[in-house]
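Residue numbers (my numbering), protein chains in the order written: chain A, 1 to 193; chain B, 1 to 300.
Hint data in this document are derived by calculation from the structure and do not stem from the laboratory.
Errors might be hidden in some of the hints.
Dumping the calculated EDC-like pairs for lysine to aspartate or glutamate here, alpha-carbon to alpha-carbon at most 16 angstroms [claimed, not checked]:
1) A:Lys182 x B:Glu176
2) B:Lys59 x A:Asp175
3) B:Lys36 x B:Asp248
4) A:Lys186 x B:Glu176
5) B:Lys99 x A:Asp71
6) A:Lys68 x B:Glu96
7) A:Lys137 x B:Glu52
8) B:Lys234 x A:Glu190
9) B:Lys36 x B:Glu52
10) B:Lys7 x B:Glu291
11) B:Lys99 x A:Glu136
12) A:Lys118 x A:Glu190
13) B:Lys58 x A:Glu136
14) A:Lys11 x A:Asp54
15) A:Lys69 x B:Glu230
16) A:Lys182 x B:Asp248
17) B:Lys114 x A:Glu148
18) B:Lys61 x A:Glu148
19) B:Lys61 x A:Asp71
20) B:Lys172 x B:Glu230
21) A:Lys69 x B:Glu96
22) A:Lys191 x B:Glu230
23) B:Lys171 x A:Glu190
24) B:Lys239 x A:Glu139
25) B:Lys234 x B:Asp248
26) A:Lys191 x B:Glu176
27) A:Lys2 x B:Glu41
28) B:Lys84 x B:Glu10
29) A:Lys191 x B:Glu233
30) A:Lys187 x B:Glu176
31) B:Lys87 x B:Asp200
32) A:Lys137 x A:Glu162
33) A:Lys68 x B:Asp118
Partial selection, computed: residues in chain A whose CB lies under 7 angstroms from chain B [what the hints assert, rightly or not]:
34) Leu39
35) Leu76
36) Val78
37) Ile79
38) Thr82
39) Thr83
40) Pro165
C-beta: ideal position from N, C-alpha, C; glycine also.
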Amino acid sequence: MKEVKLNTPLKEKDIRDLKIGDVVYISGYICTSRDMGHLKMKEVIAEGEKLPVDLTGGVIFHAGPVVKKKDSTYELRVIGPTTSIRMEPHSDFIGNLGVKMIIGKGGMDEGTSNALQKYGMAYLQAPPGCAVVLGEKVEKVENVYWMELGVPEALWVLKVNEFGPLVVGMDSTGDSIYRDIKVNGKKLIEKMF
Amino acid sequence: MFWTREKLYEEIYNLIVDTCLSISPDAKDLLQQSLKKETNETAKNMLQTMLEDVEMAKKLKKPVCQSPGFGTVYVSFSDTALLKDIKEIYSQAIIEATKNGFLRPSMVHPLTRKNPGDNSGIGVPNFEFVYKPEQEYVEHILSFKGCGAELGNAMKIMTTAMLGKNYVGFKKFVIETALAAGGKPCPPYVIGIGIGGQMDIACKLARQAVSIRDWRDSNPDPLLKELEKELCEKINSLKIGAAGTGGDTSCLAVKIEMVSTHTAILPVGISFHCWPARRGGIRIYPDGRKERLFLGGINQ
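Whole structure, please, built from the sequences with the hints as guidance.
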């Protein structure tokens with residue numbers, strides 16, 4: 001287990017070096033996306049158009065902020081991770097876009113594990129419910145797209161400084177803390193009664 | 001009449017805001033106890049971050065968690081009702097708290113997924129009313145329960161055969177549900193279990209158990225008390241941990257509520273409550289007195 005500080009855009013080598021259990025702090029730009037945001041990305045790509053942001057070496061954060069509108073800009077109040085498993089169907093799609101890191105909570109499944117290996121991505125667990133701690137590491141709202149989807153589902157581009165602590169839950173070698181816990185847990189339940 | 005619409009609105013607005021800005025003291029106490037016992041370094045880091053989050057939320061007057069989840073107000077009342085306009089007052093106060101940056105606008109149409117942008121909508125918040133003729137006050141318990149946690153929930157109509165000896169079938173259903181939920185419900189969580197009635201009743205009891213009970217209390221029913229303890233210990237032995245990345249405590253408590261059921265069925269509802277216990281309450285007396293519950297109130 002090591003502690004690592006990374007900057008965006010991420011390089012594939014940075015990610016291939018990460019192993020489950022490592023603690024990461026990230027600086028640079030991260031983009032939020034959740035259920036509707038992923039569907040919108042797919043729609044845009046299917047129509048042969050370009051996404052509003054280049055996700056090469058990018059970070060997708062499964063989250064939606066609490067914001068307060070001030071004139072024409074948004075002040076980010078707090079932000080924390082949402083449950084990632086809902087975005088399970090989209091992992092290969094975002095890997096193909098060049099995304100190198102997914103930040104969320106609760107872990108993802110085998111489809112994601114395959115995509116992490118194929119594209120050299122990692123899945124990082126953010127401290128759940130810790131929206132003030134994480135929000136304080138957001139320096140500013142760089143941009144927001146697709147507000148028609150609503151505040152939680154819009155694509156927020158955030159400038160962050162040492163955003164974390166993030167724990168590598170699933171790495172690019174195919175290892176997953178979440179899978180290990182499930183496999184071990186099943187054996188423990190068999191022995192319980 | 002002391003409680004004018006304006007006075008009631010002010011109390012309810014403040015209750016909503018205070019509930020978003022903190023967690024109930026029972027939850028904080030259990031998190032601190034878990035941190036003391038924790039042996040896994042990652043889980044320790046996560047628990048420390050959670051407690052730091054609660055402190056920072058208080059200092060900066062910001063919501064503890066970005067997700068207000070879905071709100072339910074548990075209202076008990078007697079003949080001195082003081083209930084006039086409360087549905088409308090809550091709806092309006094929630095919209096105002098949303099505009100002021102205390103609640104994220106998260107309510108959407110269930111099918112079109114359209115977000116009105118202000119947490120307005122049919123059935124928002126939800127109300128559960130209980131008539132208690134002996135009670136001189138009206139009690140509101142407001143509970144914003146996160147919805148990532150809902151993804152771990154389960155419901156089953158079990159049968160006598162499925163229940164098995166020593167309730168093994170029931171216990172396995174709960175423990176397997178916790179394992180399947182893993183880190184999704186923002187552990188360390190509290191599990192509410194409703195047993196009996198029909199489907200709707202078991203599920204409502206499960207939500208109620210984690211919303212209105214003190215998470216440190218002890219069930220007055222000896223059988224349920226024993227089950228709560230055993231299930232909590234067994235779930236923690238799975239080592240899911242805070243945040244779901246391993247550790248000693250994933251479950252802070254199990255709370256079971258029970259009513260009778262039909263001889264043909266055993267409905268069981270399981271509802272996870274994430275660690276950020278956004279729960280607040282108020283008692284309103286006809287003469288103008290008021291008492292806060294959970295936050296800075298009589299339970300502290």
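Verification of the supplied hints:
1. A:Lys182 x B:Glu176: 10 angstroms, holds
2. B:Lys59 x A:Asp175: This hinted pair is violated, its Cα atoms lying about 39 angstroms apart.
3. B:Lys36 x B:Asp248: 11 angstroms, holds
4. A:Lys186 x B:Glu176: It holds: about 8 angstroms lies between the C-alpha atoms, which stays within 16 angstroms.
5. B:Lys99 x A:Asp71: 13 angstroms, holds
6. A:Lys68 x B:Glu96: 12 angstroms, holds
7. A:Lys137 x B:Glu52: 14 angstroms, holds
8. B:Lys234 x A:Glu190: 12 angstroms, holds
9. B:Lys36 x B:Glu52: 15 angstroms, holds
10. B:Lys7 x B:Glu291: Since the Cα atoms of B:Lys7 and B:Glu291 sit roughly 14 angstroms apart, the hinted pair holds (cutoff 16 angstroms).
11. B:Lys99 x A:Glu136: 21 angstroms, violated
12. A:Lys118 x A:Glu190: With Cα atoms ~34 angstroms apart, A:Lys118 and A:Glu190 exceed 16 angstroms; violated.
13. B:Lys58 x A:Glu136: Within the cut-off at roughly 14 angstroms; holds.
14. A:Lys11 x A:Asp54: 14 angstroms, holds
15. A:Lys69 x B:Glu230: 48 angstroms, violated
16. A:Lys182 x B:Asp248: 15 angstroms, holds
17. B:Lys114 x A:Glu148: 9 angstroms, holds
18. B:Lys61 x A:Glu148: This hinted pair is violated, its Cα atoms lying about 28 angstroms apart.
19. B:Lys61 x A:Asp71: 22 angstroms, violated
20. B:Lys172 x B:Glu230: 12 angstroms, holds
21. A:Lys69 x B:Glu96: Status holds; Cα separation ~13 angstroms.
22. A:Lys191 x B:Glu230: 15 angstroms, holds
23. B:Lys171 x A:Glu190: OK: B:Lys171 and A:Glu190 at ~12 angstroms, within 16 angstroms.
24. B:Lys239 x A:Glu139: Status violated; Cα separation ~35 angstroms.
25. B:Lys234 x B:Asp248: 11 angstroms, holds
26. A:Lys191 x B:Glu176: Distance ~13 angstroms between A:Lys191 and B:Glu176 Cα, so the pair holds.
27. A:Lys2 x B:Glu41: 12 angstroms, holds
28. B:Lys84 x B:Glu10: 15 angstroms, holds
29. A:Lys191 x B:Glu233: Given pair A:Lys191, B:Glu233 holds - Cα atoms ~14 angstroms apart, limit 16 angstroms.
30. A:Lys187 x B:Glu176: The hint holds at about 11 angstroms.
31. B:Lys87 x B:Asp200: 22 angstroms, violated
32. A:Lys137 x A:Glu162: Satisfied, since the Cα-Cα distance of roughly 7 angstroms is no more than 16 angstroms.
33. A:Lys68 x B:Asp118: 12 angstroms, holds
34. Leu39: 9 angstroms, violated
35. Leu76: Where the cut-off is 7 angstroms and the nearest Cβ of chain B is about 10 angstroms from A:Leu76, the hint is violated.
36. Val78: Since the shortest Cβ distance to chain B is 5 angstroms, the answer is holds.
37. Ile79: 5 angstroms, holds
38. Thr82: With a minimum Cβ separation of about 6 angstroms from chain B (threshold 7 angstroms), the hint on A:Thr82 holds.
39. Thr83: It holds, given that the least Cβ distance between A:Thr83 and chain B is near 4 angstroms, below 7 angstroms.
40. Pro165: With a closest approach of 6 angstroms, the A:Pro165 hint holds.
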